[in-house]
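Start from the sequences and build out the full structure, keeping to the hints where you can.
Taken in sequence, the protein lines are chains A and B.
Residues in the first sequence are numbered consecutively from 107, following our numbering.
Residues in the second sequence are numbered consecutively from 22, following our numbering.
Keep in mind that the hints were calculated from the coordinates and are not lab data.
As the structure is a computational prediction, the values presented were derived from the model and not from experiment.
The beta-carbon is built from N, C-alpha and C at its ideal position, and this holds for glycine as well.
Simulated pairs of lysine-lysine, PhoX-like, Cα-Cα distance not exceeding 25 Å:
hint, chain 1, residue 1, chain 2, residue 2
1, B, Lys115, A, Lys281
2, A, Lys216, A, Lys281
3, B, Lys115, A, Lys372
4, B, Lys96, A, Lys296
5, B, Lys41, A, Lys216
6, B, Lys115, A, Lys274
So the derived label-pair ranges between C-beta atoms look like this:
hint, chain 1, residue 1, chain 2, residue 2, range
7, B, Ala149, A, Leu294, 32 to 38 Å
8, B, Arg143, A, Val275, 29 to 35 Å
9, A, Lys126, B, Gln106, 40 to 46 Å
10, A, Gly195, B, Asp199, 50 to 56 Å
11, A, Leu235, B, Gly66, 56 to 62 Å
12, A, Pro225, B, Ala127, 40 to 46 Å
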Amino acid sequence: MSGGATMSGLDFTAAGAALKSSGRNLANFVGGLAILLAFWWLGAYLLASNPQTASFSTFGPIPTFQAFPELWANGKIQSAVMTSGYRLGLGLLIAIAIGIPVGILVGRSKRFRELSNSPFQFLRMISPLSWTPVALFVFATWNQSIIFLIAVASVWPVIYATSAGLAKVDPAWFKVARNLGATPWQMLTKIIMPAITFDVLTGIRLALGVAWVVIIPAEFLGVTTGLGYTIQDARETLSYNNLTAMVLTIGIMGYILDSLCVFLIKRYSWQRGAG
Amino acid sequence: MSIRGVNIHIDQLKHRYSAKSPLTFDGVSLQSPPGEVLAIIGRSGCGKSTLLHILAGLLQASGGTVRLDEEVVQKPSPHWVMMFQAPHLYPWMKVAQNVGTGLRFAGWKEARIRERVEEAIRLVDLEAHADNNVQDLSGGQQQRVALARSLVMEPELLLLDEPFSALDAFTRSALQRDVRSIAKRLGFNVVIVTHDIDEAVIMADRAVIMAGSPGRIMTELEVDLPDPRERHDPAVQAMRTRLMDAFQDAAQGKSGPKGNEAAQEAIAANEPQAAGQHG
Ligand SMILES: Nc1ncnc2c1ncn2[C@@H]1O[C@H](COP(=O)(O)OP(=O)(O)OP(=O)(O)O)[C@@H](O)[C@H]1O
Ligand SMILES: [Mg+2]
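Structural data, given as structure tokens:
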């Protein structure tokens, strides 16, 4: 009887603590955004109060929010998000499809690791956008070139996270699997892949951040669609509230995609205290 | 589950890790009849783990052969399974999934896997933990999972490399008794490597002592004690003393290598150097 009471007492405390911590998370979320909004508003106020910069005052939060309904109604936001999202997704997919196998090779083969080390370090340090002329030369369209630039920029975090994850794997796991009759393919799919899921997803999260940074300037050039182009367009037509509305959209999209990665990391990794 | 044992034939086995390194062991010959629990005792570094890895097919010997009945051991197989000093469980799998790993590798249907896994888990008394996360288990429970993961393959030969040395004394002696009783009930062979004399006395039907550098089998002893074996039983105590004496004689090179008188002097001559190496 008293044991049962203690148990439910414990449960109650645990539930209370969980509730308290999620309430605190929400408060942090709202409070943090409020502070950001305050700074934004202050900046716009300073612009507006100076006669020399008053024409830029539509950068402020209120004109920006006012721009959203129209941008949404004429489909500009949706089409820009869809187009950029497509380029980003495809570029990332290519980076992942190349990055994971190469990362596994780097992590598993000493010879490949030693041989690839200097060329990889060298290539990695080349700013992604400086590949633009090469991309234009090789690919027929700007669209393909942008996807290439995204892939080039985001393949490195995937490669390095994968190989680092593999380096941490307990070698005994391979021995046990071999001992239980694993074929090389089973070793890859049943042992290696699950063992490094956390690291691979973390690498993809980093890659997403890089890709998101690269896609905007890449879309400044050549194309007439996407978030980067829309910003460029808004700047040239001096519709600054549209510009900030698109910047805000970029921020929101990035935040959502990053949260998705964090969710996947929490959902699919076995590491304790992950995410 | 009922498993038949095998005749183990180890013939003139020798091993060196590379052309430059010294022989790890040399001229090791052993036989073990079906269902026997054989203990290999020896000091650290005499090549016990190496020998076991070769028996498991995880390592190629430099010379000699290992046969189980008529089958030559060259690679891992579900018929001979090794269990290591640490459990090495897969943390992304639940207990039951860990136990079923080998069957899944072998391409069994899920329904049959479930049945067999359940049986293996019952064998090691972990029914209450089948759906648990392995990271939530104690060290002893984790080692039981590893044992179930080996037993589920219904191996004819179970190879144990100091499997309980990381456990507390209480858990260790419980597991020693359990493994022996399971082996006796199901009828498979066990080869257990240990430097714990007590472990050999509690678990084995026969103990062989390895010593020297390169390692050789110096002597062997029947452990003919009735089951269940209790540590404080005078007969068990007496066997322990006999085994300890034999071990010390072997370590000092008093008893020669089995069936190889000529090598005895070489071993004796090597001994001070070897003793120095191992501190
Ligand atoms: N992978 C390896 N490469 C080269 N030498 C090795 C390797 N593994 C073990 N050795 C050497 O072989 C010898 C025997 O090692 P082994 O692990 O078989 O000894 P052991 O009897 O199991 O010792 P312990 O009781 O400490 O586990 C040692 O001298 C060791 O240094
Ligand atoms: Mg060893």
